[in-house]
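Single-letter residue listing:
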Amino acid sequence: MIANLPPGLIMILGALVLPFVARRLQAYGVLALSVISLGLFLITPAGEHGNITLFGMTLNMVRIDSLSRIFGIVFHIAAIVSSIYALHVRDPRQHIAALVYAGGAIGACCAGDLITLFVFWELTALSSVFLIWASDSERSYRSGMRYLIIQVASGVLLLSGAIIHYVQSGSLTFDSFVVEGQPLGLAATLILLALGIKCAFPLLHNWLQDSYPEATATGTVFLSAFTTKLAVYSLIRGFAGLDLLIPIGCAMTLFPIVFAVIENDLRRVLAYSLNNQLGFMVVGVGIGTELAINGTVAHAFCHIIYKSLLFMSMGAVLYRVGTTKATELGGLHKSMPWTTLFCIIGAGAISGFPLLSGFISKSMIISAAAEQHQFWVWIVLLIASAGVMEHSGIKIPFFAFFAHDSGKRVEEAPWNMLTAMAIAAFFCVGLGIAYPLLYRMLPYTVDYHPYTVTHVVTQMQLLLFALLAFVVLMKSGLYPAEQRSTNLDTDWIYRRLLPACIRGLRTVYDVINDAFRSDMVVIVHGIMDFTRATFNENGILGRTWSSSTMTLWATLLLAVCLLLYYL
Amino acid sequence: MNASKHKSKRVTDPPSWFERPRNINAMIAGLVIVCGLLVVADLFYTNPHPHFDLETSFGFQAWFGFVSFVVIVFLGRILRMIVGRKEDYYDR
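Protein sequences, first through last, are from chains A and B.
Residue numbering for the first sequence follows the working numbering, starting at 1 and increasing by one per position.
Residue numbering for the second sequence follows the working numbering, starting at 1 and increasing by one per position.
Heads up, some of the hints might be wrong.
Label pairs and their in silico Cβ distance ranges [stated by the list, open to error]: (1) L43/B to H88/A: 26 to 34 Å; (2) G36/B to P45/A: 13 to 21 Å; (3) R92/B to L184/A: 37 to 45 Å; (4) V453/A to D88/B: 51 to 59 Å; (5) T419/A to Y45/B: 49 to 57 Å.
So these bits of chain A aren't anywhere near chain B, every CB distance computed over 10 Å [what the hints assert, rightly or not]: (6) I64; (7) S171; (8) V429; (9) R543.
Okay, derived cross-link-like pairs now, EDC-like style, lysine to aspartate or glutamate, Cα gap no bigger than 20 Å in a straight line [claimed, not checked]: (10) K86/B to E328/A; (11) K86/B to E138/A; (12) K325/A to E138/A.
To be clear, the hints were calculated from the coordinates, so they are not data collected in a lab.
Even for Gly, the Cβ is constructed at its ideal location relative to N, Cα and C.
Next up, chain B with everything else stripped away, as it sits in the complex (with noise of 0.2 Å):
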């Protein structure tokens, strides 16, 4: 095994840039805002070749994207219900 230099030291330093909340805050206005940017920028060009409606309907891979990411997360709630084990299951 060469993984072999775990120094691991426990400290409590001052908050780092990302932990701070007013940054953080920051961050996820800075968020919000480029997403609302994102969807009115579907107002200034269209789609030379679109496939499907669905691609040129206003907005559609902002609402599509963030409804699959909550089913996905929630899916996976589900899941832990049907498949999880404790750590050492197959250790037993």
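Just chain A, same shape as in the assembly (with noise of 0.2 Å):
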């Protein structure tokens, strides 16, 4: 019985409860939902559950099978642990906000049909947004609302590919919309261009930087881990082994680097690392083989939890601080030692440091890239690598906690945070040498060893010497010094441009409405004077002629057609 309400459904109705709580106790609520789910959806089997049949069209709630229940699970994990971070938080809406997020994520990744990932792909849409207005702030109200619309406008086109394919084919099942040797039909285009919004492809991209940086300090770790990862679930279950994914992850992996050098707000940098790392994931799901997949699935999980341990330190960094620019930081190891040790352990994870849990997912990626041959997207993904440890690995940890001191001395984050850091860092240092107990939950069966000779020695060598370049580039003075800014991005079209060319129109329209407004209103008055003379009872075609005058003209009429008739 219990098999048949989707996963995570315990949270989404929970959250309808946790404004009757005190206070005090909604943030241990959270957590109580997010283990209880986790019970309960580890002891749920796997298979079809909850069929049933509206309007004459068969749903599947809950799938549960390698795919979704990895998935699943480190959703739970993310959700808890970011529970953890949030429990001194004393606000109704984002505990709600949050377990409503998590909970539909969760029920998203087992939905076995698309209009129930539809539903909860919207639910997570809407509830996440009150993630970053919780920052009550006018620019956090701007970017929510930003945020908002293009998530909605995602889940439009998912609902519209839906139902386009449910009228070509009769089904509504979430399956692979790739068929060898053809390209995709209409509906699959508009599912990929949804997922592709949600997974921040190129160009799409840019509301994760806008709104990302714009949350709650604790609301980021939640924004962290569902939304985008959701999609790259949906991709490997709708789009495995398309190739056109290649080259979009590669640019994912690339153009992000380069912006997170120069951004100011480590924060933002972290978002630019999130696409980045999301790169690699769509290339792994472009390649599309065994060994990619469970790659791109390996990574997915272990992303999670080291990219929410980096925005769990930032996150730590702006409570006490408030703020998480580079250049009103550093010198902060002093007084947050703890916060140090975790950031960078998740940095050594995120640039995949040998023990640490990147090396064993990121490299399962690269090495499918390797064994199909393609040598330049094996090229770009160690270019993207050594990108990861430039803003990653070594610009956050170096310019929050280091470089020069800025001269703060704040207390050490609170213990919840420390906790929920040491438990991440914990999982980041586990799955590097535990990697087994990883590699046993994917989708495939793993004939994949990361600790050789040659892997270790190469990926150390390639770390090393980026972290050598670093040393050099700042003893020289070339590294581009920290500098308050704004980077333009694709949000400058819709932010700028657009605005810009609405109102240059509106001043044409002005301009025209001025100069003409008035004589079209003298024209207008005198056709309607000549017709008003034209038409009344005295006016050549109002008034009432005699029937002589009549017959003159039908015959004449007449006479005219006889003519043409015999011309």
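Once you've looked at the hints, go ahead and assemble the two chains, each given alone in its own frame, into the complex.
Pasting the structure below:
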């Protein structure tokens, strides 16, 4: 019976009860519901449950297979760790939003049909925006609005695709849309576009860097875990092996790293870094071999945890110092030693140092590219790996906790934040060492050994020589100084260019309006006067004509017809 | 807003372990030595499953990592010239 209810539903329903609980207990309620939901999820047997028929369509609300199982587990882990991180928060909005958001994401990754997927998809969009608005600033309000519009647009595309797919095929089952040797149909294209928005494909990406840094310190940790990885999950389910995804993923790994170099807000650096990591996963989905899909799933799993850890460490800095701008930080290792340590572990994990989680997951994707003899893809992923070392491996910990001392002395992060970070850091190290535990959960049987001499030595060469390059550039003063700035990205198009175009059109309209309006009124009046004069009872067309005149005209017309007939 | 406890005091302490020039130099020296060893290590193993010729060339990922890093940073400097605006650009 319980298996027929979508996983995560208990979190969504629990969120409705939360407002009636005492404020200081709400945070613990989130944690408790997440843990209960995980327990229920683990005992739910694999298979398809919760089939219902609605308006003649068969919906499959719960589908547990090897793919949805592992995503469900890591989403639960993320929800639990993030809720520990947010235990000190006394804001019902954030707790409710976070609970619905996490529950929605878990429900979505277990949805067997496109309509159920759409419902949870929109639920994640609508709930998550409150984590941005909870910052209670004008900036976060505007940014949240942009976020909401884009997320809902993605949902609309998904629904349109689902409807077209249903009309064409009579089925709503969410399975692969890729048919070997055939182009994508309209339905599949719309759905791919919907996923592309959520997955932050190049040019559709900027909602991520725009909104995540505006959310609350705790909200961003939730945000970083669910939306984009739900998109990665859906891509694996629907578009594994679609070649088009390889160049898209390559572009995603490359361009954000250059933006991350010059970005001052360290939470925005992490948002660019998130974009870059998604690129690795999109490449993996595009390659689509068993090794590549395993690598993508493993990488998503590890990524959710180490990216949360990095956002948690920056959230702790934001909570204590009040800013995450690199220009105003530095030297915090003295007052926040534990946060520093956890941040470095996260930075090591994302960079892919041996014994940490990124090493055992990212390398599967890179190896999959090599095994398919995709030379340029392999080169791009190596460059991107050096780029990860730059922005997440070095820049984040170095400028926040070391560099030049800002002189700021703050308290260490609260105990609950430290606990959450410690758990995440434990996972980063644990997954790096006890990697067979993760490999066993992957969708396909794994025949891959990350700790070979070649792999360890070459990876260490790549990373440490990148670090050496950083030292050389810093010592020679060539490393670009941190600088307060706003860097334009594609959001400039809808925040500046389009409004400017609309203003321009309005000006043109106003000029035309002013110049011609009175003339037009005179002309219209003239036409009306003429019409009135012609059609009134004395006008030529309005008055009563005599019968003789009418007979004359009728005869004339008949004569003309006769002539035309013989010509 | 829950970020309410911004009690940051400005003080000048004696430099920490990580800030003393001697220790910084020692760390850099350590890094250079480890980097040297990693390149030398290339002589002592063979890649059992190379996929590309480049992969097996001596010290490939070492120089590749170094060059990529430098190129990325310089691209960043160029990008800053193109897209960098004042901090309050969107607020005006």
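Requested in this report: Mind verifying the non-interface call on I64/A? Its CB should be farther than 10 Å from each CB in chain B.
Outcome: Consistent with the label, I64/A stays out of reach of chain B, its closest Cβ about 35 Å off (over 10 Å).
Query raised in the report: Holds or violated: are the alpha carbons of K86/B and E328/A at most 20 Å from each other?
Result: 16 Å, holds
Query - Minimum Cβ-Cβ distance from S171/A to chain B exceeds 10 Å - result: Holds: least Cβ distance 40 Å, greater than 10 Å.
Query - Range hint compliance [Cβ, T419/A to Y45/B, 49 to 57 Å] - result: Violated - the Cβ-Cβ distance for T419/A and Y45/B, about 42 Å, lies outside 49 to 57 Å.
Query - Given as non-interface: V429/A, partner chain B, CB spacing beyond 10 Å - result: Check passes; 21 Å lies beyond 10 Å.
**Report entry** Satisfaction of the hinted span 26 to 34 Å by the C-beta atoms belonging to L43/B and H88/A
**Finding:** 54 Å Cβ-Cβ, so the 26 to 34 Å window is violated.
Query raised in the report: Honestly, do V453/A and D88/B meet the 51 to 59 Å range at C-beta?
Result: 53 Å, holds
Query raised in the report: Falls inside 13 to 21 Å, the C-beta gap from G36/B to P45/A?
Result: Given a distance of about 56 Å, which is not inside 13 to 21 Å, the answer is violated.
Query raised in the report: Has the hinted range 37 to 45 Å been met by the Cβ atoms of R92/B and L184/A?
Result: Taking Cβ atoms as reference, R92/B and L184/A lie about 43 Å apart, which means the hint holds.
Query raised in the report: K86/B and E138/A: Cα distance at most 20 Å?
Result: 19 Å, holds
Query raised in the report: Going by Cβ atoms, does R543/A stay more than 10 Å from chain B at every point?
Result: 68 Å, holds
Query raised in the report: Is it true that the CA of K325/A sits at most 20 Å from the CA of E138/A?
Result: 19 Å, holds
Checked against the numbered hints listed earlier, the structure breaks hints 1, 2, 5; every other hint is satisfied.
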